Amino acid sequence: MNLNSETQLVEAAQNGHLESFGALYKRYHSPMVALAYSMLADRDLAEDAAQEVFAIACRDIESLKSKERFAAWLAGICRNVSRQMLRANRIKPAALSDEHPAQSKKDCEDRQETIRRAVWNLREAERELIVLRYFDGFSQARISEVLGLSPQAVNGRLVRAKRKIAKYLKRNGFTGDDHGTS
Amino acid sequence: MERPENNKWLDEALTETIGSEKPRTDFEQWKKQHPDAVKMLTSRAEKKASASPPRLKTRRTIMTSTIAKLAAAAVIAIAAVTGIYQLKDSKTVEPTEIVNEMAGPQTFILADGSKVTMAKGAQIRIDYNSDTRGFDHIAGVVDVSVVKGLGEFIVTTPYGDVKALGTEFTLDMVDGVTADTKEHIQLLAVEVTEGSVEVSNAKGASILKEQQKLVVEKDQAPYNISQDDDVPARLKERMNGLIEAIRTSDAEAYSANYNFNYIHKLIKGEVEFDPNLFGGTEEDSKRLQENLATIESIEALKEMFVQSLNLKGPTNVYLRDIEVSEDGKHAKAKLVMGENTGRMTSTSPQWHYFDNDWWQVDD
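Top line first, the protein sequences correspond to chains A and B.
Using the numbering used here, you'd call the opening residue of the first sequence number 1 and step up by one each time.
Using the numbering used here, you'd call the opening residue of the second sequence number 183 and step up by one each time.
By construction, these hints were calculated from the structure, which means they are not laboratory data.
Because the structure is a prediction, the values reported are computed rather than measured.
Ideal placement from N, C-alpha and C gives every residue a C-beta, glycine not left out.
Don't take every hint at face value.
[What the hints assert, rightly or not] Derived lysine-lysine pairs resembling DSS-like cross-links, with alpha carbons at most 27 Å apart:
id: 1; chain 1: A; residue 1: LYS65; chain 2: B; residue 2: LYS221
id: 2; chain 1: B; residue 1: LYS297; chain 2: A; residue 2: LYS67
id: 3; chain 1: A; residue 1: LYS167; chain 2: B; residue 2: LYS297
id: 4; chain 1: B; residue 1: LYS516; chain 2: A; residue 2: LYS26
id: 5; chain 1: A; residue 1: LYS67; chain 2: B; residue 2: LYS221
[Stated by the list, open to error] Label pairs and their computed distance ranges (CB to CB):
id: 6; chain 1: B; residue 1: ASP411; chain 2: A; residue 2: GLU68; range: 53 to 59 Å
id: 7; chain 1: B; residue 1: ASP412; chain 2: A; residue 2: GLU68; range: 52 to 58 Å
id: 8; chain 1: B; residue 1: GLN288; chain 2: A; residue 2: GLU124; range: 30 to 36 Å
id: 9; chain 1: B; residue 1: GLN288; chain 2: A; residue 2: ARG160; range: 39 to 45 Å
[Unchecked claim] Computed list of chain B residues with no C-beta within reach of chain A, every gap over 10 Å:
id: 10; residue: ARG226
id: 11; residue: LYS364
id: 12; residue: TYR405
id: 13; residue: ARG416
id: 14; residue: GLY423
id: 15; residue: ARG429
id: 16; residue: GLU464
id: 17; residue: GLN532
I would like the entire structure built from these sequences, with the hints used as guidance.
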């Protein structure tokens, strides 16, 4: 990560330079959509949330004191916006619904639905990592930048999260054999 | 099953399930959809270009007067209390990844659309990870306009929480030492413009309605004078009249709280000195009689008083420690006057019920 470059972009944006804000937008738009998706479980709403995140950031970037923490600041706005959308729309992510317990899915052919359920049963912090990793295929280094975590922490949490998913899938009768690629 | 970190099928399954190939809104589209945000950002470049050099801090003098001091004056000059006070140093808290701290003057739109206008010297902290709408109020004067219909909105302060539902209110966090009495004043003042708020802390809670004001001091229950039945309604009017007169620098309104008829009689020796009715000492009253022996009329006395006042309108005026005597005829309080920038003074007004009304007898 070119820290100087990013802090310069943030500073320029704080001084009203729209192109610099545009560069930050391009850099962080996809991660924000992914982060919002990890909470909202709805791609369209996640896109809307990301739009709002950048609108708020655009208005308030002047108030950001620690320029080097722009990504973490943006992620904080994203979580807040997503939570408010959940509340405002009374959304309960489908994968978290208790109406169809996972056990009843044993014979279900919809493997993706079970995987989604496995992901959304994770703790929020783990779910964020999994979604960021697989939504747009972000590298662990990129995730580390966006969430302000060390690469080691990202790696460790990803491994643990994937173990939980694998365990969940196994408990529900899915293994690599089902996928045909193991 | 293999170790998940080495499991290709799991990677592929997750990519297949979560992965998105949906085209994203590019920046050009986003700009078109958010012209207001873009304008707000680009306007900063214009402001920076035209920004004037930082101004030097100017000090304002807050002057109040008392009838007692009137007596002590050689002519009719009423002693001035000059208060110069510096607020505590602003705290600097490094934001964490989910917390943002901001200082005034600026207007900030929260994620839910609620508006927070911070005066110079005001500070707030926003926790983006909070499940509740609102913010932490750290210092200074903050006007809040809450968007309706999105659930409860809570402002947390060191002295209590302020809960609002679709309303407009002003908060003033005061923490500093008065220039004159050297008192350490720590309080939160809340004034509701529209709707209502609930202010609560460990000591108690109070509902504050439209146009009402409340003061909550450190380690004390919120105090809403409007709901204090021990304070007579007319006395509340007098107290509010005093506050508004100082706020608006209205010398006529300020002087209306005093019984000049009685003071004139005292000067002329028509009534005996009574410490309850005259704020100063008996010696003060004698000096008043000597100095103003030639005063022609009550109107002339009042005019002198008005002319001698030098109200310069501190922004914030709050009454605290209000006490009413057991017989219900005498009251005293402490009056805190200050500006957003931090200068603050304190006086101790008193009121007494006589001549069929409540009159201010000292400040």
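Going down the list of hints, with the structure as the test:
1. A/LYS65 <-> B/LYS221: Judged against 27 Å, a Cα distance of about 21 Å means the pair holds.
2. B/LYS297 <-> A/LYS67: 24 Å, holds
3. A/LYS167 <-> B/LYS297: Answer violated: A/LYS167 to B/LYS297 is near 46 Å, above 27 Å.
4. B/LYS516 <-> A/LYS26: 57 Å, violated
5. A/LYS67 <-> B/LYS221: 21 Å, holds
6. B/ASP411 <-> A/GLU68: 53 to 59 Å: 56 Å, holds
7. B/ASP412 <-> A/GLU68: 52 to 58 Å: 56 Å, holds
8. B/GLN288 <-> A/GLU124: 30 to 36 Å: This hint holds: roughly 31 Å between Cβ atoms.
9. B/GLN288 <-> A/ARG160: 39 to 45 Å: Holds - the Cβ-Cβ distance for B/GLN288 and A/ARG160, about 42 Å, lies within 39 to 45 Å.
10. ARG226: Non-interface label on B/ARG226 violated, nearest chain A Cβ at 3 Å vs cutoff 10 Å.
11. LYS364: The claim holds: B/LYS364 sits with its nearest Cβ about 33 Å from chain A, beyond 10 Å.
12. TYR405: At roughly 33 Å from the nearest Cβ of chain A, B/TYR405 sits farther out than 10 Å, so the non-interface label holds.
13. ARG416: 46 Å, holds
14. GLY423: Non-interface label stands for B/GLY423: nearest chain A Cβ at 39 Å, farther than 10 Å.
15. ARG429: 30 Å, holds
16. GLU464: 59 Å, holds
17. GLN532: 45 Å, holds
The structure shown violates the earlier hints numbered 3, 4 and 10.
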